[in-house]
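As you go down the protein sequences, you meet chains H and C in turn.
Quick note, the first sequence lines up with residues 28 to 271 if you use the numbering used here.
Quick note, the second sequence lines up with residues 28 to 271 if you use the numbering used here.
Because the hints were derived from the structure by calculation, they are not lab data.
The reader is advised that the hints may include incorrect statements.
Remember, identical chains collapse to one label, so a pair may be satisfied in a single copy or spanning two.
[Claimed, not checked] Taking lysine-lysine pairs in the DSS-like style, the calculated list, with each CA pair at most 27 Å apart, reads: (1) K97 <-> K31; (2) K97 <-> K38; (3) K165 <-> K244; (4) K118 <-> K102; (5) K97 <-> K231.
2 protein chains.
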Amino acid sequence: MVTKHQIKLIKSLAQKKYRQQFGLFTVEGIKGIEEFLNSDFQLENLFTTKAIFDAPNNLTVDISEAELKKISSLKNPNTALAVFKIPEMVKTNHKGLKIALDAVRDPGNLGTIIRLCDWYGVQHLVCSANTVDCYNSKVVQATMGSLTRVKVTYTDLEDYIKSSSGQVFGTFMEGENIYKSKLPDEGIIVLGNEANGISEPVKKHVDRSITIPQFGKYRETESLNVANAAAIVLSEFKRRTIET
Amino acid sequence: MVTKHQIKLIKSLAQKKYRQQFGLFTVEGIKGIEEFLNSDFQLENLFTTKAIFDAPNNLTVDISEAELKKISSLKNPNTALAVFKIPEMVKTNHKGLKIALDAVRDPGNLGTIIRLCDWYGVQHLVCSANTVDCYNSKVVQATMGSLTRVKVTYTDLEDYIKSSSGQVFGTFMEGENIYKSKLPDEGIIVLGNEANGISEPVKKHVDRSITIPQFGKYRETESLNVANAAAIVLSEFKRRTIET
Chain H
28 MVTKHQIKLI
38 KSLAQKKYRQ
48 QFGLFTVEGI
58 KGIEEFLNSD
68 FQLENLFTTK
78 AIFDAPNNLT
88 VDISEAELKK
98 ISSLKNPNTA
108 LAVFKIPEMV
118 KTNHKGLKIA
128 LDAVRDPGNL
138 GTIIRLCDWY
148 GVQHLVCSAN
158 TVDCYNSKVV
168 QATMGSLTRV
178 KVTYTDLEDY
188 IKSSSGQVFG
198 TFMEGENIYK
208 SKLPDEGIIV
218 LGNEANGISE
228 PVKKHVDRSI
238 TIPQFGKYRE
248 TESLNVANAA
258 AIVLSEFKRR
268 TIET
Chain C
28 MVTKHQIKLI
38 KSLAQKKYRQ
48 QFGLFTVEGI
58 KGIEEFLNSD
68 FQLENLFTTK
78 AIFDAPNNLT
88 VDISEAELKK
98 ISSLKNPNTA
108 LAVFKIPEMV
118 KTNHKGLKIA
128 LDAVRDPGNL
138 GTIIRLCDWY
148 GVQHLVCSAN
158 TVDCYNSKVV
168 QATMGSLTRV
178 KVTYTDLEDY
188 IKSSSGQVFG
198 TFMEGENIYK
208 SKLPDEGIIV
218 LGNEANGISE
228 PVKKHVDRSI
238 TIPQFGKYRE
248 TESLNVANAA
258 AIVLSEFKRR
268 TIET
């Protein structure tokens, strides 16, 4: 049974300020919960309608479908909801290829970018403080478990870039044609906000402006979705590492 | 002023069956509406809070912000809502590169795939009958105007593929490494459903199974989001056309 106090706590985790206050976030659905249980993340509580998880008994609470509905953020809740602890942020001075996000606001975009990082073996994702919170339930859902494998850090992006070595790439509507550019196997790739692109202060620190050329005869398409741009840019950087 | 009858009609267009019955769909926001006004799409009615559009007077209805709220499907409506006529579907026997979608269900995914087609100059998108309707307001919104430039056809995918010439490519978790494959500048690329991939009946007609290899050390990532897969595959097919 889930207590009133627990319901209140879980519901509060829909808001970033309470996630930060309590250091907790929620994961829903069988697959997602299993991935987090099998990771370094620490379980706080598992609320489940079926005894199918390999989780400590003292942290597991059996609940009814009706109770699950009360605590779920989904229209169609799926079996269980787990509360995990938000891990401490690690300072990233990792070498290799890194992605940095400048004010990406859409949870679905951040989620799929985390999934892309996981796919392409990018272990560190650096986000500006005004990028959407990666423990937002919609982000967690969209990452499909990849959040357990990609380290996400929130920081002042200018400071981070200034203190990093390696070339800084920025994606713009104009710049070097990515298909014709020599690309290294390390560095920072900055992707900007959905509507405004990369902010002026961050732009100053970009060493190389790259662009994905348009092939359509119209050339009126405003821009690519930021997650799709991330997909294409990561694909280009990474394929070069296998072709040589 | 918007009449009760008009409110009822516009609200009904949130459902596919009424869009099909009336042959109408809605577009919201200044930029989107302007793109459709400048295209071959035919305006039925424009409901606007500001006189900023180049639209026929007899089809324009001045409304208040409160009225816009009543007819909008958005949380934060933006200036205007337009009703356009759904054009007749054209039979596509176009040469060149084509994308075919097998039961893609998420409106955001379809919208960004249409935007990608536009970016990469793919003029025809063929969808299975059970793919989400491209006149769904969320799809229209996500295309950012690209729907005015990409022809979308709904049909029986098996029949379509059987009657088409050119190689049929399918994206799978296993197959030819796309980065190492020779790719032609025409053919059909089939992308499958978000959860289940390409369906068995359609799979039979695929000539070449291609895959986007994983680079991460974990190799546990389940799959890429279908729109991101579309981005990477289109990028690979199209970059080859400029490299030779």
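Verification of the hints:
no.	hint	verdict
1	K97 <-> K31	within (10 Å within a copy, 36 Å between copies)
2	K97 <-> K38	within (9 Å within a copy, 29 Å between copies)
3	K165 <-> K244	between (36 Å within a copy, 26 Å between copies)
4	K118 <-> K102	neither (37 Å within a copy, 38 Å between copies)
5	K97 <-> K231	neither (48 Å within a copy, 44 Å between copies)
Of the numbered hints given earlier, the model fails hints 4, 5; all others are met.
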